[in-house]
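*Asks:* Protein chains in written order, with our numbering: chain A, 1 to 347; chain B, 348 to 936.
One thing to keep in mind: the hints can contain errors.
[Unchecked claim] Pairs of lysine-lysine residues, derived as DSBU-like cross-links and limited to a Cα-Cα distance of at most 35 Å, are as follows:
#1 B/Lys608 <-> A/Lys194
#2 A/Lys206 <-> B/Lys608
#3 A/Lys109 <-> B/Lys712
#4 A/Lys223 <-> B/Lys608
#5 A/Lys117 <-> B/Lys712
#6 B/Lys869 <-> B/Lys548
#7 A/Lys232 <-> B/Lys608
#8 B/Lys551 <-> A/Lys126
#9 B/Lys548 <-> A/Lys126
#10 A/Lys109 <-> B/Lys869
Worth flagging that the hints you see were computed from the coordinates, not collected in a lab. None of the values given here were measured: they were computed from a predicted structure.
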Amino acid sequence: MKALFYIIIFVAIAVACWQFVKLLGLTKVQDATATPRENNINGWLMLGLMGFLYGLMLYSMYGGKDVLLPQLSGSEEGYHIDILFKITMTLILVVQFVLQFIIYYFSWKYRGIEGRKALFFADSHKLEFWWTVTPAVVLAGLIIYGLWTWNKVMDSSDAEDPLIIELYAQQFNWNARYAGEDRVLGNANVRFIKGQNIMGVDMTDKNSADDVPLTADPESFVKELHLPKGRKVIFKLRSQDVLHSAYMPYFRAQMNCVPGMVTEMSFTPSVTTEEMREYKDVKAKFEKINELRKEQGKETVEFDYILLCNKICGASHYNMQLKIVVEEEEKFNEWLAKQKTLAQSLN
Amino acid sequence: MSDHHHKETFVTKYIFSQDHKMIAKQYLITGMIMAIIGIFMSMLFRLQLAYPGESFGIIEAFLGRGGEGGVMTPDMYLALVTIHGTIMVFFVLTAGLSGTFSNLLIPLQIGARDMASGFLNMLSYWMFFLSSVVMVISLFVTTGPASAGWTIYPPLSALPQAISGSGMGMTLWLVSMAIFIASSLLGSLNYIVTVLNLRTKGMKMTRLPLTIWAFFVTAIIGVISFPVLLSAALLLLFDRSFGTSFFLSDIFISGEVLHYKGGSPILFEHLFWFLGHPEVYIILLPALGLTSEVIATNSRKPIFGYRAMIGSIIAIAFLSTIVWGHHMFVTGMNPFLGSVFTFTTLLIAIPSAVKAFNYITTLWKGNLQLNPAMMFSIGLVSTFISGGLTGLILGDSALDINVHDTYFVVAHFHLVMGISAMFGMFAGIYHWFPKMYGKMLNKDLGYLHFWLTAISAYGVFFPMHFTGLAGLPRRYYNNTAFPMFDDLLHINQVMTVFAIIGGFAQLIFLANYFFSIYKGPKSPQNPWKSNTLEWTAPVEHLHGNWPGEIPHVHRWAYDYSKTDENGELWGGQDFTPQNIPIREGEEEF
Numbered sequence: 001m002k003a004l005f006y007i008i009i010f011v012a013i014a015v016a017c018w019q020f021v022k023l024l025g026l027t028k029v030q031d032a033t034a035t036p037r038e039n040n041i042n043g044w045l046m047l048g049l050m051g052f053l054y055g056l057m058l059y060s061m062y063g064g065k066d067v068l069l070p071q072l073s074g075s076e077e078g079y080h081i082d083i084l085f086k087i088t089m090t091l092i093l094v095v096q097f098v099l100q101f102i103i104y105y106f107s108w109k110y111r112g113i114e115g116r117k118a119l120f121f122a123d124s125h126k127l128e129f130w131w132t133v134t135p136a137v138v139l140a141g142l143i144i145y146g147l148w149t150w151n152k153v154m155d156s157s158d159a160e161d162p163l164i165i166e167l168y169a170q171q172f173n174w175n176a177r178y179a180g181e182d183r184v185l186g187n188a189n190v191r192f193i194k195g196q197n198i199m200g201v202d203m204t205d206k207n208s209a210d211d212v213p214l215t216a217d218p219e220s221f222v223k224e225l226h227l228p229k230g231r232k233v234i235f236k237l238r239s240q241d242v243l244h245s246a247y248m249p250y251f252r253a254q255m256n257c258v259p260g261m262v263t264e265m266s267f268t269p270s271v272t273t274e275e276m277r278e279y280k281d282v283k284a285k286f287e288k289i290n291e292l293r294k295e296q297g298k299e300t301v302e303f304d305y306i307l308l309c310n311k312i313c314g315a316s317h318y319n320m321q322l323k324i325v326v327e328e329e330e331k332f333n334e335w336l337a338k339q340k341t342l343a344q345s346l347n
Numbered sequence: 348m349s350d351h352h353h354k355e356t357f358v359t360k361y362i363f364s365q366d367h368k369m370i371a372k373q374y375l376i377t378g379m380i381m382a383i384i385g386i387f388m389s390m391l392f393r394l395q396l397a398y399p400g401e402s403f404g405i406i407e408a409f410l411g412r413g414g415e416g417g418v419m420t421p422d423m424y425l426a427l428v429t430i431h432g433t434i435m436v437f438f439v440l441t442a443g444l445s446g447t448f449s450n451l452l453i454p455l456q457i458g459a460r461d462m463a464s465g466f467l468n469m470l471s472y473w474m475f476f477l478s479s480v481v482m483v484i485s486l487f488v489t490t491g492p493a494s495a496g497w498t499i500y501p502p503l504s505a506l507p508q509a510i511s512g513s514g515m516g517m518t519l520w521l522v523s524m525a526i527f528i529a530s531s532l533l534g535s536l537n538y539i540v541t542v543l544n545l546r547t548k549g550m551k552m553t554r555l556p557l558t559i560w561a562f563f564v565t566a567i568i569g570v571i572s573f574p575v576l577l578s579a580a581l582l583l584l585f586d587r588s589f590g591t592s593f594f595l596s597d598i599f600i601s602g603e604v605l606h607y608k609g610g611s612p613i614l615f616e617h618l619f620w621f622l623g624h625p626e627v628y629i630i631l632l633p634a635l636g637l638t639s640e641v642i643a644t645n646s647r648k649p650i651f652g653y654r655a656m657i658g659s660i661i662a663i664a665f666l667s668t669i670v671w672g673h674h675m676f677v678t679g680m681n682p683f684l685g686s687v688f689t690f691t692t693l694l695i696a697i698p699s700a701v702k703a704f705n706y707i708t709t710l711w712k713g714n715l716q717l718n719p720a721m722m723f724s725i726g727l728v729s730t731f732i733s734g735g736l737t738g739l740i741l742g743d744s745a746l747d748i749n750v751h752d753t754y755f756v757v758a759h760f761h762l763v764m765g766i767s768a769m770f771g772m773f774a775g776i777y778h779w780f781p782k783m784y785g786k787m788l789n790k791d792l793g794y795l796h797f798w799l800t801a802i803s804a805y806g807v808f809f810p811m812h813f814t815g816l817a818g819l820p821r822r823y824y825n826n827t828a829f830p831m832f833d834d835l836l837h838i839n840q841v842m843t844v845f846a847i848i849g850g851f852a853q854l855i856f857l858a859n860y861f862f863s864i865y866k867g868p869k870s871p872q873n874p875w876k877s878n879t880l881e882w883t884a885p886v887e888h889l890h891g892n893w894p895g896e897i898p899h900v901h902r903w904a905y906d907y908s909k910t911d912e913n914g915e916l917w918g919g920q921d922f923t924p925q926n927i928p929i930r931e932g933e934e935e936f
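Chain A extracted, bound-state conformation (with noise of 0.2 Å):
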């Protein structure tokens, strides 16, 4: 009943408007096309939205990029991106700001006035193929630059002594799966997963003993997904139920996991997670991040590199995640040494 409610508040202020409607007299007749006042008025008001088009983007741009992402990326891929994002980024706020202005200049320069006659303008083919040619020139640039990128990122194959893991998702968990010391990953279905073999590994595949999985830290009950400084992370990503992708924003990276295939992607970390605490963005970000947790009662918080997922996947989807720590190559070894194989954890 109280829907009812709303909806007769609703119907009353469109009322509302139907009696203002009225009393602006609008059944009298206007004159069809806009009066020279309205044109002036609406002509300057133009500028006025220009000046609030442009006050919303220098404001955002200002207050905005204190929210961004660290301008420095975890990963040496994610520093090839950065700079194809910085370029084509300066391209779109210098094509935005000048021809917005010119919209809005036009919109008020030419408003309507009595008398005056519009040019009968109807086409330059010399226009038409400088506004084809630069646009295609640019795109060319970008195109060429972008595909260079892509390549850079998405190619594997000449790293040396990959670090292989498979990222496992399911409703609403990561787990993970290091390839232990013969470096390749056991054969796994969702078949075989039964009691502790959560990941469906196929412990006849002679490749599956030795792998590594992912279980809490004895000491804060957390999962943490180590990574080492400086050598190329090959992630095989698989999924037990929907989709998923595991996107981690830091080392600006992301893929989906498909239910019933493998999907690949690989990056080398490139700054460990205490060397970014005290990077200057990342500092400043927390620290107002702290600021406003302290406002609202709740704990304080530190910089942690993060698996976020990133495809709907039902109700929990948005508190999908796992805690990724990125240290140096000896501590990271140290840490894996001391981890259960699958064989050892199973039995």
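With the hints as your guide, set chain B onto chain A.
*Replies:* Chain B alone, transformed into the frame defined by chain A:
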């Protein structure tokens, strides 16, 4: 001369009408009702995003079990975004926009008595109506409406175990869309046949107004791509109901392994986006077509680069069918394929840029009549550029990796497709309302509507880019699970305030619209001093459109402010309608 004065009953005139003008109005009103539902849903989930966990009476009142205690559940949140997307994309901006204006303008602007088949046209509307009814019914089923996102990717959309909305709600969604697609195909075929065969004498293809070109090409891409979505929807129905494995394989859920083997969700994505991307242009091209007409008329200038505009429409339409893969850069498809789709996608920027430049040049040295239709058209050019430019980032596969499925995407497509098409639709309504009802809309309210809408549109969607660049994924019920997003809350609150202002602004429009139907001042025959043929038809609607012979066409639609060799306006007025013969000494453009 034919006699069209057979007697009409209430039912044949207002309900099962075969008259294209009445069908256009039916499309518009149905689209408006759906828009009210769709926009209202966005208000509700904007409240949740700005004030997560806080209780709102309005949420409890409307969402029932999904909003107990005034806080919506995650399932309900996902249902709202799913249905909001579906309704706005298909029911409002496809049927409501294209259905309304193609029906209204194609016969009137090409000089035809009606559509090629009035009966198919009626059938098309009633199937659209039926699909709307089914979609609305799906909101009330026990397990909740479809909630797998408007893209309904399986397996989430296929398995009721995965999300409760994938039960009866999803089945009804698919049934509704199947009917919708049938309706859309009937409409599109009719538009194509009508444009090709029923043009009046002298109306060469190169004299067609750009509106008609846009509707014509839109109908062609609709016919090419909608059947593919139909096939995807049917195969998904098979997977759901008959145990086939087109899209499903190797699934373990709720503690058991399902029997599906060998299918691929990626196949569904390909089928979906083969429609899904052209769909963007099915929405946008009609809006650009309407805008071309409104801008030229109200600038009192010919549209600049008429042939380049036609070329751009065709180029965009062609390219739109070979770029769908840019929605799938991170699905694991072969990186080489990704390169190809990057290439084709970025090419679209060229014809789009040509269109934007041509609009701006049309404004240059015009005598702009800034009525509400013109304001919305200029607004469209502005949002089309703001939203379109970020396409350079999303279409570039390397850059897409990190912004894919974040709010950056949401901001991009709302500006370039949602807001732009909405502005085009409003421009169309303000401009052709006199043709639909023979009455004028109130201009002051029109201005108020424009200013509030334009400011709130930018206020919502410009800051949204920054939340996306901060890494915030879309379709998150709330952002509090990740401390890294804590500082985005105040941006979300600002966006919500603008969204609510924008939502209420639409009430002004609705009041103006319905008041003016009954009480608006009577429209003159040619209120905007326009050149196109629809303004030569009498204000009072009659079946067959023109009482006598259909006017013949002697020139293109854009002879505004054309002067003779002495610099005097031809005929002493700044417009020359298409049915005026070429004068002595005048050269046809």
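*Asks:* Quickly compare the C-alpha distance for B/Lys869 and B/Lys548 to 35 Å and report which way the hint goes.
*Replies:* Answer holds: B/Lys869 to B/Lys548 is near 31 Å, not above 35 Å.
*Asks:* When you check the alpha-carbon spacing of B/Lys548 and A/Lys126, does it fall within 35 Å?
*Replies:* holds, 33 Å
*Asks:* Under the criterion that the straight-line Cα-Cα distance not exceed 35 Å, is the pair A/Lys232, B/Lys608 satisfied?
*Replies:* holds, 33 Å
*Asks:* Holds or violated: are the alpha carbons of A/Lys206 and B/Lys608 at most 35 Å from each other?
*Replies:* holds, 25 Å
*Asks:* Does A/Lys194 lie within 35 Å of B/Lys608 when you go C-alpha to C-alpha?
*Replies:* holds, 19 Å
*Asks:* Would the pair A/Lys223 and B/Lys608 pass a check requiring their Cα atoms to be no farther apart than 35 Å?
*Replies:* holds, 31 Å
*Asks:* So if I understand the rule, the pair passes when the alpha-carbon distance is 35 Å or less; does A/Lys109 with B/Lys869 pass?
*Replies:* holds, 32 Å
*Asks:* Quickly compare the C-alpha distance for A/Lys109 and B/Lys712 to 35 Å and report which way the hint goes.
*Replies:* Roughly 8 Å between the alpha carbons, so the hint for A/Lys109 and B/Lys712 holds.
*Asks:* Can you confirm whether the C-alpha distance between B/Lys551 and A/Lys126 stays at or below 35 Å?
*Replies:* holds, 26 Å
*Asks:* Given the proposed pairing of A/Lys117 with B/Lys712, does the C-alpha separation stay at or below 35 Å?
*Replies:* The hint holds at about 9 Å.
Every hint, counting from the list given before, is met by this structure.
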